[in-house]
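Participant: Each chain, letter by letter, is given below.
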Amino acid sequence: MPVTLRDLPKEKLLLPGNASCPGCPEALGLKYLGMALGKKVILVVPAGCTSIIQGLMPGGAFIYPTLNVPFASSDAVAAGVSAAKEILGEDAVVVAWGGDGGTADIGFATLSGAAERNDNIIHICVDNEAYMNTGIQRSSLTPYGAWTTTTWRGKRENKKELPLIMLMHKVPYVATASVGYPLDFIAKLRKAASIKGFKFIHLHAPCPVGWRFDPSKTVEVAKLAVETGMWILFEAENGKVTISPPSRPYADKSKRKPIEEYIKLQGRFRTLTKDDIKILEKAVDDAWNTILKLAGK
Amino acid sequence: MVVKPLTGNYAAAYAAKLSRVKVVAAYPITPQTTIVEKLAQFIEDGEMDAKMIRVESEHSALAAAYGAASGGVRAFTATSSQGLLYMHEMVWWVAGSRIPLVMTIVTRTLGPPWNIWTDHSDIMDQRDSGWLIMMAEHNQEVLDETIKMFKITEDPRVFLPGMVGLDAFILSHTTEPVDIPDQELVDTFLPPRRQPYVFKPGDSLLMGNVPRNLKENMRMREDIHNSLEAAKKVIEEVDEEWGKLTGRRYGGLIECYRCEDASHFIVGMGAWVGDMREAVDSLRTNGIKVGLIKVRYVRPFPREDILKWVVNAKSVVVFDRSVSAGSAGPLFLDVAAHLMTAGIHVPVKNILAGITGLDVTYEDIADAVLKSVAEVEETGKFSRFIEWYYGR
Ligand SMILES: Cc1ncc(C[n+]2csc(CCOP(=O)(O)OP(=O)(O)O)c2C)c(N)n1
Ligand code: SF4
Chain W
0 MPVTLRDLPK
10 EKLLLPGNAS
20 CPGCPEALGL
30 KYLGMALGKK
40 VILVVPAGCT
50 SIIQGLMPGG
60 AFIYPTLNVP
70 FASSDAVAAG
80 VSAAKEILGE
90 DAVVVAWGGD
100 GGTADIGFAT
110 LSGAAERNDN
120 IIHICVDNEA
130 YMNTGIQRSS
140 LTPYGAWTTT
150 TWRGKRENKK
160 ELPLIMLMHK
170 VPYVATASVG
180 YPLDFIAKLR
190 KAASIKGFKF
200 IHLHAPCPVG
210 WRFDPSKTVE
220 VAKLAVETGM
230 WILFEAENGK
240 VTISPPSRPY
250 ADKSKRKPIE
260 EYIKLQGRFR
270 TLTKDDIKIL
280 EKAVDDAWNT
290 ILKLAGK
Chain D
0 MVVKPLTGNY
10 AAAYAAKLSR
20 VKVVAAYPIT
30 PQTTIVEKLA
40 QFIEDGEMDA
50 KMIRVESEHS
60 ALAAAYGAAS
70 GGVRAFTATS
80 SQGLLYMHEM
90 VWWVAGSRIP
100 LVMTIVTRTL
110 GPPWNIWTDH
120 SDIMDQRDSG
130 WLIMMAEHNQ
140 EVLDETIKMF
150 KITEDPRVFL
160 PGMVGLDAFI
170 LSHTTEPVDI
180 PDQELVDTFL
190 PPRRQPYVFK
200 PGDSLLMGNV
210 PRNLKENMRM
220 REDIHNSLEA
230 AKKVIEEVDE
240 EWGKLTGRRY
250 GGLIECYRCE
260 DASHFIVGMG
270 AWVGDMREAV
280 DSLRTNGIKV
290 GLIKVRYVRP
300 FPREDILKWV
310 VNAKSVVVFD
320 RSVSAGSAGP
330 LFLDVAAHLM
340 TAGIHVPVKN
350 ILAGITGLDV
360 TYEDIADAVL
370 KSVAEVEETG
380 KFSRFIEWYY
390 GR
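Sequence order for the protein chains is W and D. Just so you know, we're using numbering that gives the first Met the number 0 here: the first sequence kicks off at 0 and counts up by one. Just so you know, we're using numbering that gives the first Met the number 0 here: the second sequence kicks off at 0 and counts up by one.
Just so you know, the hints here were simulated from the structure itself, not pulled from any lab data. Please read all numbers here as calculations on a predicted model, not as lab measurements. Among these hints, one or two may not hold up.
Unchecked claim - Under 8 Å between C-beta atoms, here's a sample of chain D residues computed to sit facing chain W:
(1) Ala-24
(2) Val-54
(3) His-58
(4) Trp-92
(5) Phe-198
(6) Gly-201
(7) Asp-202
(8) Gly-207
(9) Val-209
Said to hold, decoys possible - Heads up, simulated SDA-like pairs for lysine to any residue below, C-alpha to C-alpha not over 25 Å straight-line:
(10) W:Lys-190 to W:Glu-236
(11) W:Lys-30 to D:Ser-203
(12) D:Lys-380 to W:Lys-39
(13) W:Lys-11 to D:Arg-211
(14) W:Lys-30 to D:Pro-195
(15) W:Lys-30 to D:Lys-199
(16) W:Lys-39 to D:Pro-195
(17) D:Lys-199 to W:Glu-236
(18) W:Lys-38 to D:Lys-199
(19) W:Lys-296 to D:Lys-199
(20) W:Lys-39 to D:Lys-199
Backbone N, C-alpha and C fix where the C-beta goes; we use that ideal spot for every residue, glycine too.
From just these sequences and the hints, can you work out the full model?
Facilitator: Here it is as structure tokens:
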């Protein structure tokens with residue numbers, strides 16, 4: 000069911016004065032999480048920017064109960080919490096909220112284990128495409144060509160297809176989302192919360208600090224990722240893939256904006272050559288072909 | 000009450016079941032594996048009302064047990080050796096979070112090379128983490144202390160996690176008659192779970208975000224230390240209470256054997272304490288007045304109990320089954336430091352033996368002690384404080 004602004008609670012679940020940078024996509028995502036699931040959430044947070052965003056102990060800017068946990072452990076801790084809540088008969092939605100590093104790299108075995116066991120949790124990968132908390136180092140989800148502080152001349156490897164890898168785990172629910180499309184994200188969160196078992200949502204989260212763009216442009220960059228076809232919004236319930244409404248027009252290649260429009264806003268792509276851009280363009284086409292096939296189109 | 004032949008591992012599994020553990024998360028590793036297997040069987044057969052989370056690693060085993068315990072239920076895990084090192088990051092996290100839970104450690108040496116035999120390198124590597132750490136001498140003690148550990152760790156004066164150690168194979172896979180208490184007895188003994196906080200939906204509780212004030216942060220560390228100090232009394236109380244219910248009192252943090260009139264002392268822990276008892280008997284028949292201090296709890300360290308016995312001793316020989324390479328055996332280091340700070344100037348020596356699982360017999364122990372005692376009797380001191388002992 001589509002979500003409209005009227006459906007959203009006014010109560011703030013991420014308090015003002017939190018420690019995020021201006022234009023922070025993770026802070027946006029956390030707000031939407033609160034709007035979507037309200038007070039049912041128990042949040043499990045591995046090391047990453049969100050460890051900092053919540054502010055300083057003994058205070059804190061989160062009103063969700065939050066366990067901060069070691070970098071590689073979030074889904075296993077979440078599985079334990081979820082088991083306890085079920086045993087105690089409490090109605091909770093346990094959410095592991097990890098960055099691209101905490102999800103796709105150091106946390107990957109833990110993620111895969113929880114998915115295979117179908118533990119009753121939602122994992123959200125808030126993907127700002129690098130290790131931001133330690134100062135912008137590359138991850139397996141950093142795109143080809145991007146500058147980071149461990150790839151000074153641009154990353155030479157491709158971004159890992161994590162949503163597809165999670166789809167192949169045959170879990171009940173996999174979706175991609177973007178901080179540029181909050182209503183789509185919120186609808187997906189609500190659907191995920193209504194399903195028992197393992198749910199994975201991959202949230203694209205353009206980071207002004209690491210990607211080198213103006214902090215007022217977070218949403219614009221996020222939207223351009225979708226409009227150029229660089230990020231495809233879809234969901235899969237029990238393996239059945241559907242392209243989500245914001246991405247639907249871009250199944251048609253001619254409707255996609257040129258990827259340069261997305262790239263030129265970001266300092267991290269400053270050193271891209273024409274050939275590099277061709278490689279990225281091909282990656283976009285390949286990704287679309289795969290997803291359209293999966294969607295039976 | 001029934002007496003059954005049980006391996007050390009099954010004794011641990013029965014104890015977890017009797018303690019009404021609600022979540023078990025564990026990963027196989029020799030020699031721990033039969034604990035998880037037995038618990039899986041109890042759960043699948045409906046003999047135990049618990050959920051098993053069959054995790055993909057030890058890091059996740061402790062993470063999942065920790066999540067469940069933070070969510071408000073009794074949780075249990077078990078591991079050995081490489082598995083314990085793999086979860087080391089979580090070991091610290093659980094203690095720092097002040098979340099009580101119990102973990103069995105079937106002690107096994109560390110690689111390389113691959114080696115499954117016992118020594119205490121794995122468990123002693125955890126001793127700075129803030130956990131209560133105890134080593135059992137026999138399978139009955141494994142069962143008793145696992146149940147007691149739930150009570151001790153869930154006591155508000157403690158609120159820390161605890162490890163119960165047992166030696167690979169010597170206990171884990173060796174069958175001994177074990178008295179399994181009735182469920183009703185354990186239910187009377189073990190109150191419903193208590194813990195400092197529980198994560199519940201709607202309750203804005205944050206654990207572990209960045210501290211504003213490092214003084215507060217350092218106080219949290221001191222508080223763990225102080226709670227371990229406070230745990231000494233709790234361990235004794237619980238030992239006494241269990242003793243009243245079952246007739247089995249162990250003596251709290253240490254157990255002494257033939258200490259009353261002893262002038263030389265052996266200190267050791269774990270399964271080979273059984274051999275040390277025999278060594279003491281054989282030395283005594285040779286007229287040497289030796290007493291044995293069995294360390295049950297390494298953390299909190301039984302400073303007062305040990306000092307009380309050795310204050311007028313002629314010598315102390317500490318046996319370590321692991322070594323802090325570049326310094327000395329960890330048990331020895333603790334004993335020596337506490338003697339020194341109490342102003343007790345007794346010759347003290349470290350025998351490093353049984354490391355990597357090298358077999359040590361009671362004759363070996365008697366031989367090593369006999370030579371040490373002879374040296375002290377003759378010269379009044381030890382010429383070297385460390386001896387690597389490879390057998391006779
Ligand atoms: C075991 C371990 N290794 C390394 C670190 C250091 N570390 C903390 S956060 C982080 C990167 C986080 O990156 P990501 O998961 O992408 O999240 P982001 O900061 O971008 O939100 C690293 C490497 C750690 N905390 N623990
Ligand atoms: S570095 Fe990026 S993701 Fe991290 S807090 Fe700053 S804006 Fe947010």
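Participant: If a hint holds in the structure, say so; if it doesn't, say that too.
Facilitator: Evaluated hints:
Among the interface hints, the one on Ala-24 of chain D holds; its C-beta lies about 7 Å from the nearest C-beta in chain W, closer than the 8 Å criterion. A hinted interface residue such as Val-54 of chain D counts as satisfied when its beta carbon comes closer than 8 Å to some beta carbon of chain W; here the least separation is about 6 Å, so the hint holds. Because the smallest distance between the Cβ of His-58 of chain D and any Cβ of chain W comes to about 6 Å, under 8 Å, the interface hint for this residue holds. Residue-level restraint check for Trp-92 of chain D holds (minimum Cβ-Cβ distance to chain W is 6 Å; threshold 8 Å).
Residue-level restraint check for Phe-198 of chain D holds (minimum Cβ-Cβ distance to chain W is 5 Å; threshold 8 Å). Satisfaction of the interface hint for Gly-201 of chain D is found here, the shortest Cβ-Cβ separation to chain W being roughly 4 Å, below the 8 Å cut-off. Because the smallest distance between the Cβ of Asp-202 of chain D and any Cβ of chain W comes to about 5 Å, under 8 Å, the interface hint for this residue holds. For Gly-207 of chain D, the interface hint holds, the least distance from its beta-carbon to any beta-carbon of chain W being 3 Å, beneath 8 Å.
A cut of 8 Å between beta carbons decides the hint on Val-209 of chain D: the least distance to chain W is about 6 Å, and the hint holds. Of the supplied pair hints, the one linking Lys-190 of chain W and Glu-236 of chain W holds, its CA atoms being roughly 10 Å apart against a limit of 25 Å. Taken as a hint, the Lys-30 of chain W and Ser-203 of chain D pair is honoured in the structure, with Cα atoms around 15 Å apart against an allowance of 25 Å. Note on Lys-380 of chain D and Lys-39 of chain W: the hinted pairing is violated, with a Cα-Cα distance of about 67 Å set against a maximum of 25 Å.
Pair hint Lys-11 of chain W plus Arg-211 of chain D holds up; C-alpha atoms about 23 Å apart against a cutoff of 25 Å. A C-alpha spacing of about 29 Å is found between Lys-30 of chain W and Pro-195 of chain D, which places the hinted pair above 25 Å, so the restraint is violated. Between Lys-30 of chain W and Lys-199 of chain D the CA atoms are separated by roughly 20 Å; this keeps the pair inside 25 Å, and the hint holds. Between the alpha carbons of Lys-39 of chain W and Pro-195 of chain D the distance comes to roughly 22 Å, so the proposed pair stays at or under 25 Å and holds.
Straight-line distance between C-alpha atoms of Lys-199 of chain D and Glu-236 of chain W comes to about 28 Å, which puts the hinted pair past the 25 Å bound. For the hint linking Lys-38 of chain W to Lys-199 of chain D, the alpha-carbon distance of about 10 Å falls within 25 Å, and the restraint holds. Distance check on the hinted pair: Lys-296 of chain W and Lys-199 of chain D sit about 44 Å apart at the alpha-carbon level, beyond 25 Å; violated. Distance restraint check for Lys-39 of chain W and Lys-199 of chain D: the Cα-Cα separation of roughly 9 Å lies within the 25 Å cut-off, and the hinted pair is therefore satisfied.
Going through the hint list in order, the structure does not satisfy hints 12, 14, 17, 19.
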